[in-house]
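Participant: Given chain A, work out where chain B should sit, using these hints.
Respectively, the protein sequence lines represent chains A and B.
Residue numbering for the first sequence follows the working numbering, starting at 6 and increasing by one per position.
Residue numbering for the second sequence follows the working numbering, starting at 6 and increasing by one per position.
Hints in this document: simulated from the structure, not taken from any laboratory.
The hints are all genuine.
To give an idea of the interface, some chain A residues facing chain B are shown, with a C-beta separation under 8 Å as derived from the structure:
| id | residue |
| --- | --- |
| 1 | Thr89 |
| 2 | Ile123 |
| 3 | Gly411 |
All residues carry an ideal CB built from backbone N, CA and C; glycine is no exception.
Below are the chains, spelled out letter by letter.
2 protein chains.
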Amino acid sequence: MLEVKSTIEHVAGFRVAGVHAGLKKNGKLDFAVVISDTPCTAAGVFTTNQVKAAPVILDMERLQSHAEKVRAVVVNTGCANACTGQQGIYKAQQTARWAAEKIGCDENAVLVLSTGVIGSQLNMYAVRQGIDIAMQFLGHEWFEAAKAIMTTDTRPKLASVTVAKKNGDRYQIAGISKGAGMIAPNMATMLGVIITDAQVPQPMLQRALKTASDQSYNRIVVDGDMSTNDTVLLLANGATNVVLDTPEEEADFTEALTALCKKLAQEIVRDGEGATKFITVNIQGAPDDAAARKIADAIATSPLVKTAFFGNDANWGRIVAAAGRSGVALNPELMQLWIAPGEADDQRGISLQLFAGGMPTDYSEETAAAIIKEKTVSILLDCGMGKGTSTVWTCDLSHDYVTINGDYRS
Amino acid sequence: MLEVKSTIEHVAGFRVAGVHAGLKKNGKLDFAVVISDTPCTAAGVFTTNQVKAAPVILDMERLQSHAEKVRAVVVNTGCANACTGQQGIYKAQQTARWAAEKIGCDENAVLVLSTGVIGSQLNMYAVRQGIDIAMQFLGHEWFEAAKAIMTTDTRPKLASVTVAKKNGDRYQIAGISKGAGMIAPNMATMLGVIITDAQVPQPMLQRALKTASDQSYNRIVVDGDMSTNDTVLLLANGATNVVLDTPEEEADFTEALTALCKKLAQEIVRDGEGATKFITVNIQGAPDDAAARKIADAIATSPLVKTAFFGNDANWGRIVAAAGRSGVALNPELMQLWIAPGEADDQRGISLQLFAGGMPTDYSEETAAAIIKEKTVSILLDCGMGKGTSTVWTCDLSHDYVTINGDYRS
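So that you can see chain A by itself, here it is in the shape it has in the complex (with noise of 0.2 Å):
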């Protein structure tokens, strides 16, 4: 049985540090470094966005030629180098190259990553002040570089998880991650620095992201938008000299990682920008899973569902309204809708049918309101028409999350 903590403690071969830059006001801690002792190889999900952050490009280049001897990822706030031209590029690989020579270990070695205005020129001097500061800390206070990568996140988020071989061998993924906003359901989601003391090869690496991402940051949603940075990276140093092989190895290290990523991911949408609640959509007897998952993407962006939840409101026609402008041929009469409090996979057995046949169902008004108070919420929509299933978590859409985006940059 997994058990994925919210803790890390010692992963070998790695040291990491959270420090002051001075990106952001007020002395909080703004800049991380994540070193590996050794080469690692290295993989990497970035966002799908057109209009990609010079560190996403960077990276992207970089996994290319320089996947099997990756040494470092700096991450800087307060400044998404996004729509900054080739003086971004520039500033990227000059960020690269400064660590690099600390380390004392080839530029393209380096990875970055980058979260915050887009559109500002980052502040270099901020940057070689980082780096310094930052190389004279390097330990293991995971939970100081988790927090020196946030945002808009009110808590550092982490997870790490021990698997154990068939011959006894054990090995550790860990990760951080940050999210809040900018949160949409698509290839890669927010920044994330995932780390393994196993020796992966790189290939593996990738296919094992590729999933593991599917399953857990794909599947968020704080506000439908996307973001120009978002970009999760995967470094194996094997400093426990655990060798992952076998297909079976790779099943037992994708569903490792796959569970880290989720408890992460989900962490994101708990923390997402003004959130109270955490909703769980479940589709089930869609055409196929495309079309669920459409389905599911309407009602978790849909800021009417998304506000009703706010205000308590067991407001349910607007989650089949979201599900018929999908763009999915539905048809009504077919559909049942169920809420419930808690988890998908926790329901305590209560769960209450709203609609079904084309109509409300006799529910109990003061049922649904109860359901609908709690922090964690369910909701199961049945198409009644195929096989199709997707889950999706989202959150509320709040006062708080206004305040936060309409305030930003001040």
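Facilitator: Quick look at chain B alone, frame taken from chain A:
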């Protein structure tokens, strides 16, 4: 020169009433009828939501079979009569039947519109009462009728225009609309009843309404959701004996109808739920018009763009990022972005370029802040790729939007 007024005087052969039927609390107007003394040709555009309200299903059928002899439109608020199954259909039919009895016409000559909460059954006692009272107060109080179809609108929406034919004959087109939330850019996006005292062949009427809707109601965004009930109906009773016949007359009619619909549609955005700003999104240089429209919609529905406007924050990177996730292949290096105060066709020569060649221009943050503070702002994004253009009107996303929609049913 067409002058579209915000009032409706007497339109020959039409009588209206807006009354309190008991569907809303506090004695508010909640029920309206529009009646023609003689049979009308009629046209309609309807929601493309797969979940259609009972009155939408009824009206679509009646416009198939009885579009040459429509006598009346009955509108109730407080209940959408959507997700109400066969019972909902019966109730929509019964509403029409009762009105027809009072008017003394075939029940198929009456169309029905509903708006309000989805998934609750219509209170037929109130509907009966609404019809009885309304028939006693028939007259030319269009302002009352426009008020009686409001939901979360803060003000009634009326418009009228007088058109002169070459020979000097004059006819009127007039309309009322309601909107406020759930306004997405798609075929028909709210309730509207439009009338004319010209005599217009039914096919011409349908063509003109389609064209006018595409240029008006289908170009507005409040929250990106799409209702189960959206309908615009157009009735022509020929009471003036002005006959529209020639292609030239059709063109003039379509032009006037488009101007009228544009005014009503823009009024819906100006009065969007919680809206504090009217934003015109102009796209040019897209691969084609459809691509331009996709980009415009992505920007106009982006919660991050809309909250930035609410916060008077010229955070233009979010506009570029929204374009980047629209699904259209774009090259940021070719993109250029401007903002300007006022409407697109009224920018007083002031236009500030923010982004070009993949990076920010050397613009004045002070000027940008001054523009974004205006109540009416325009964006122009040139993709630098082709000849595709699109214009969409939207509003910002405010605290009041969340309050209104978190609290809608109570």
